[in-house]
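J.: So you can see what is in the structure, the chains are spelled out below.
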Amino acid sequence: MKPVASPAASAPVRWSSTGLVVDGSTPWCQLLAFADTLLRGIGQVMLQNNSYAGLIFLVGIFYNATLFGLAVLVGTAASSATAMLLGVERSQLRAGLFGFNGALVGIALLYFLEPNALSWIYVVFAAAVSTVLMAALFKLLSTWNMPVLTAPFVFTTLCFVLACARFGRLQSTQLLPTAGLPKNASVEGVVSAATVVQGLFNGVAQVFFQGNVITGVIFTLALLVASRLACATALLGSLTGLLVAWLMGAAEPAIRSGAFGFNSVLTALALGSVFLVLDAASAVYTLLATVATAVLFAALSAALEPLGMPALTLPFVLVVWVFVLASPLFTRLRLAVNP
Amino acid sequence: MKPVASPAASAPVRWSSTGLVVDGSTPWCQLLAFADTLLRGIGQVMLQNNSYAGLIFLVGIFYNATLFGLAVLVGTAASSATAMLLGVERSQLRAGLFGFNGALVGIALLYFLEPNALSWIYVVFAAAVSTVLMAALFKLLSTWNMPVLTAPFVFTTLCFVLACARFGRLQSTQLLPTAGLPKNASVEGVVSAATVVQGLFNGVAQVFFQGNVITGVIFTLALLVASRLACATALLGSLTGLLVAWLMGAAEPAIRSGAFGFNSVLTALALGSVFLVLDAASAVYTLLATVATAVLFAALSAALEPLGMPALTLPFVLVVWVFVLASPLFTRLRLAVNP
Amino acid sequence: MKPVASPAASAPVRWSSTGLVVDGSTPWCQLLAFADTLLRGIGQVMLQNNSYAGLIFLVGIFYNATLFGLAVLVGTAASSATAMLLGVERSQLRAGLFGFNGALVGIALLYFLEPNALSWIYVVFAAAVSTVLMAALFKLLSTWNMPVLTAPFVFTTLCFVLACARFGRLQSTQLLPTAGLPKNASVEGVVSAATVVQGLFNGVAQVFFQGNVITGVIFTLALLVASRLACATALLGSLTGLLVAWLMGAAEPAIRSGAFGFNSVLTALALGSVFLVLDAASAVYTLLATVATAVLFAALSAALEPLGMPALTLPFVLVVWVFVLASPLFTRLRLAVNP
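Chains as they are written, first to last, in our numbering: chain U, 1 to 339; chain F, 340 to 678; chain E, 679 to 1017.
Just chain U, with the same shape it has in the complex:
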């Protein structure tokens, strides 16, 4: 990250392999840097500090729904701006680390709440809160060199959606689960080739709460632009989640929708392409984690049923925390980065 003294480096704005590098301080430069920060923030939802990937993710979201495209922009901007105004370290800001939780908060709140003037204000405020939560968890988890992941998004969204049970001027959409008591499932529907193909790409799309196969394909291409390894692990993660759900007898519509895939996509990405050096041992370890993520998704979605709340990406967060935290005790594994 250190600037290299070279003739090229003297240009105030230039392209790098992951996006813009802005050294100038004119208002125009700052605006470009902020736009690049937003795209990196959107990219970081899938752990990619990469503006190009972020831009393609954004295209995929707008392809599915303009509302969610706007929501992701507003959320990312509100959380990044809050971080900037409170004075976080510039390198973290520019890497999009204060953007991705706001991005997801923006989408999720407008996914679960009817849009009106108040809910947009709510989105901006919630995204600002997610920035404070990001900083808090960053401090907390640095004790163990653990990554924050999307935990600020999960806790902020659960809190702001749950609050609607007391706030009469916010109404939930039909997409919010109805509160009920969990009971034993029975096998529903038949899994076909269409279930598998649609479930595979919906699993990638659902990382941004987009139930759209084409959006899933666009997201996969975005990952390919950023990293071939990331693209491969994401697809394998989605497939693993889907196969576990099928084997255990989960309902076919849920498998098709990608519900059992998106957390496994993120776990596979995080362990398989970011935090561990890829070898035979870490591949098995990542597989174990990806399967565990699918089981934990089933468990947490049942655990949140009495509240009528969705599990969001909490299974991914908890599994990666546990598997990263445990890794130093396992001499067969090598950590790739200080998360």
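It cannot be assumed that every hint is accurate.
What the hints assert, rightly or not - Some, not all, of what chain E presents toward chain U, calculated at C-beta under 8 angstroms:
no.: 1; residue: Ser850
no.: 2; residue: Gly927
no.: 3; residue: Pro931
Claimed, not checked - Chain F is nowhere near these chain U residues, computed Cβ spacing over 12 angstroms in every case:
no.: 4; residue: Asp23
no.: 5; residue: Ala35
no.: 6; residue: Leu55
no.: 7; residue: Leu70
no.: 8; residue: Ala83
no.: 9; residue: Ile121
no.: 10; residue: Ala126
no.: 11; residue: Ala136
no.: 12; residue: Thr156
no.: 13; residue: Leu162
no.: 14; residue: Gln171
no.: 15; residue: Ala193
no.: 16; residue: Val225
no.: 17; residue: Arg228
no.: 18; residue: Val277
no.: 19; residue: Leu307
Hints were generated in silico from the structure; no laboratory data involved. Note that the Cβ used here is the ideal one computed from N, Cα and C, for glycine as well.
Please arrange chains F and E on chain U, whose structure you already have, making use of the hints.
T.: For chains F and E alone, coordinates are given in the frame of chain U:
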């Protein structure tokens, strides 16, 4: 805290601006020190290490109900005595840090459980447990220089009230919420000037679970005796919580009762008058936290609905933890004290 | 634990007071070492690094039900083998520290789920996950020198049983509580001498989820073989839990079944015979913890009612964490070991 060598300092008992200073070790001196410790413990419920404020709080509670006045005395005494017998550091004990959780446990258990011989024994035991929990959280949170706040009270009370679902000899009062599944709220009642004024002072009174406007006024005066800044932030906190609830369409009776105020009172007090150096940035930060507290109160009271449990001061605890933990990453803020 | 240079020490396999000591590295030696590791793992369920105790526990379980005997062997083997393959430190492995959570996961999953081919695969996978969770919590809690206890078992089991609400090919048994909303209890049944005697030994038996008085007697003998102090504290713990439940008016069948005893058995064992130096102060402290465990069992079993989940040994885990964490602040107590 170091004793200054001076003629005045040689008196075994003397007044200071925050209460008694007791240097003697006669039984009479020890009794006076213990009484002063209890009053400081009651004062610490609103973060005031101040016997005078503690005494006026006690007057306000007895004004509302003798039962709660006795409960607060028994709870504070039981938790402070447990700490003394187990051998905690004297300066912490004398500052009331092992009293305030017991004070609240005492009131809350007799607020939610029918008083009888068994429930009084239960109060003494629960207050003793709150002291162990205080020491445990003190150790845990010292890793990040974080304050314990009223967390021991919240966890002890939730545990001891929940246990009634298995213990046939304890009966809950009508004040305990009925267990149910959360559902979307609709706007109820019309907020008037009376709602605002009553809600403002009830918000202060509810910090000790007292639904009484006059008690709220007495508590406000107690804060004024201890610190003008504390008094102002507490009232602004109550007002903020109330206005957020009104804006979002919360039910009028809940707004009037101060339910949306008391956690915001505590958040405003903690961040605005204790942990941050007050300037423009920290004022905005405190406002953000105070609004977030009102939203979190709505969320947690819904989250605890399937258990029929109240949120108590958990929203305050969680928000202040998050905002204190995050503050070192925000260069615009200055921490006032090592919490 | 250091090997002593002596003629006897040159034998590749020899008996010690707690089980086998294996220095040789032939396949036969390794098999013996693994068998000894399994028995120590079973022994560690009651905090005994002792193969003889583990063997007698196993006898007690097989006496009650062959299914659970097999389950405990499969669970212990799967979790220990996972730890070995991932490369944990040998001394921890050999002490059974990566076995006891798997042992309990094995029993608990087959206690709550109908046995079939899929549920046995599920047991093996869950036991492997419990090993990763053990390593993670070991790293996390080492910050405060805190023991992990049976937390990996509790979280793994809750997760894997809850997941059945989404997995149609796994069915729960009649032993899983039905999901419902907690409500105030009334006194049920009359406690007799038979209740007390059966409850006392069932409390010990329920540590392994065995509702069988004779199994409880066998377990008590196993503890006697390992340590007289452990045996005495376990019985006193069971008795304390039972008496608290009786005093508070818990239902007679629950008291008789040992439900209020097994967590108190473990708390008494942990604080009274492992983590604290036994003197008057620590005896009182242990008693306080043991009573608190019985109250927390009542609270957590109510808290998990909306999910239809059992409290397992979570009350023991939380109480011992709190009481161990708090102990350095209490100058009257002396810690016996670095947990």
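J.: Can you name, in rising order, the numbers of the hints this structure does not satisfy?
T.: Per hint list: 2, 3, 8, 9, 10, 11, 12, 13, 14 and 19 violated.
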